[in-house]
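So the protein lines, in turn, are chains A and B.
The UniProt record's numbering puts the first sequence at residues 1 to 313.
The UniProt record's numbering puts the second sequence at residues 1 to 253.
Worth flagging that the hints you see were computed from the coordinates, not collected in a lab.
Watch out, some of these pointers could steer you wrong.
[Stated by the list, open to error] Mimicking SDA-like on lysine to any residue, the simulated pairs with C-alpha atoms at most 20 Å apart in a straight line are:
1) Lys258(A) - Lys89(B)
2) Lys220(A) - Gln252(A)
3) Lys89(B) - Asn61(A)
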Amino acid sequence: MKNPLVFLFPTVVLLLLLFVFFDVPLTNMFILTSRLQRVLALVLISAAIAYATLVFQTIANNKILTPSLMGYEHLFVLLQLALLILFGGNSQFFQSKVLSFLLSTAVMILYSFVLYFGLFRSRKKQIYYILLIGLVLGVFFNTSTQFLQMTIDPNNFAYVQNAMFSSIGRISLETLMLASFLMVLVFIYLARYRNVLDILSLGRSYALGLGVEYDKVVQKQLLGISILVSISTALIGPITFVGIFVSGITYQISKTEKHRINLIIAFAVCMILMISAQFLIEHALNYKHNLSVLINLLGGLYFLILILKLLRK
Amino acid sequence: MIEINALNKTYGQRTILKDINLKIPKGKLISLIGPNGAGKSTLLAIIARLEKANRGTVTIDGKEIMRYTLTDFSTKLGFLKQHNNFELKLRVTELIAFGRFPHSHGRLQDTDFEIIDQTIEQMNLSSIRNAFIDEISGGERQRVFLAMVMVQDTDYILLDEPLNNLDMRHAVEIMQVARRLVNEYNKTVIMVVHDINFAANYADVIIGMKGGEISFMDTAHIMMREDILQTLFDIEFKVMRDDTHIICNYYNL
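Please construct the entire structure, taking both the sequences and the accompanying hints into account.
Spelled out as structure tokens, the structure:
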């Protein structure tokens, strides 16, 4: 296939139309707008995941590692649990979704800055050292969550479960607007570096040799990636394996290293995955499952196949 | 001209470069020779601004290297690394085109494409110009990376062991390209070479390094003496020469 977008783009459009107009009279504005809201959420999540995963892999020079490894998703769950224990299930934080979203994103951006100034800014630290720290932090957040879960009563535990598997059906319009606004800002900030992304894949010495301030660009990219991951995790919860799935498929069907093209392909792949899964949930599974569960199942299976393939080589 | 003054480099306790003072002339082919661990690659990396010296200065054309902006520096000096293994789906032309980045800043113009095509022609890469770089042979890949540094069109070109793992024909080809860069394009080429006979027959100036210090620096004609080489490498040499060529035998003496 010369250009994978030739079939990816129509597929996305078809799926979108199907998702919005399936089995609903055109006059039913309530259902239509709520579906459009979910489409917007999926678009935001897909854009964030596509950019964060691909550029992160370029910087890490490895096509298996993803930002999930930096411990964001586990931090998100831990945060929700901490808020719950601090303020109780009936507090403002859990009644107002905007407030909990703002607080989660703020703390996660704070975490990004801690990572950024603590790890990324230091010239000497290698990417593998950073990844190892991220992995350890992730495990730390996860075990802290498990420990705190032991201390709360079953009613509150249900809230935590919701945070761990937040559903895109429950995202409010204000939250979506806020997320869109933030993401536009992040992408405007990152757009300045669109021409040097390809050069980053050549590694530090060649990038420097070609006049690209490698360390500076990498730090800014990592900062942007951190915020994007925060937004997507706050919207949909931890979806560890989606990044792997999306990037793996992208590299398989793409015949180039150009970020300009690969980012669009990754976005389309992510959209197809997300819309299909959400469609299945709404019409075949009767909302019995969360999007993140289904997608993690698919992504996890793909991850296993990928690992098996690597082992066989 | 590159001037190096009182340059020192240490990694922890280990001293890599000891008080290097050097004047490297412009428009010449210069070979750095010496045993492993002599500090040759580190010296190149410091000149290329990829590593920082602990003390001392490097001046290129009268200006301290750190005082160039990165963009200016990338049009002044190009560097070819020792190991070039990428698992990237990059085509030969795409990789070479990266070399134009300091001039085009990501937007390739007609003149850029002209230079890229010329270089591909010159380096005999036309037949593989659309191949992926992980599907070509080691010799071809080395030529592709050299082509990338060439299209960067810098006054100074630093090559770190460009003959590594190449067969004789490909090695000769690389040396001829280096010669042509000096003779026809008036570039200054500084290369680390392990095959001493290549240095002897192609370089204008040879710099011998040992234990982080400059042992000798002179024209190939003067440098290729048995006693000099013996102190440099700690093995026996026999130098044979006629009017045009110098051959060192060190294989079994």
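We went through each hint and held it up to the structure:
1. Of the supplied pair hints, the one linking Lys258(A) and Lys89(B) holds, its CA atoms being roughly 9 Å apart against a limit of 20 Å.
2. About 28 Å separates the Cα atoms of Lys220(A) and Gln252(A), which puts this hinted pair outside 20 Å; it is violated.
3. Proposed proximity of Lys89(B) and Asn61(A) is supported: the alpha carbons are some 13 Å apart, at most 20 Å.
Violation of the numbered hints given earlier is confined to hint 2; every other hint is satisfied by the structure.
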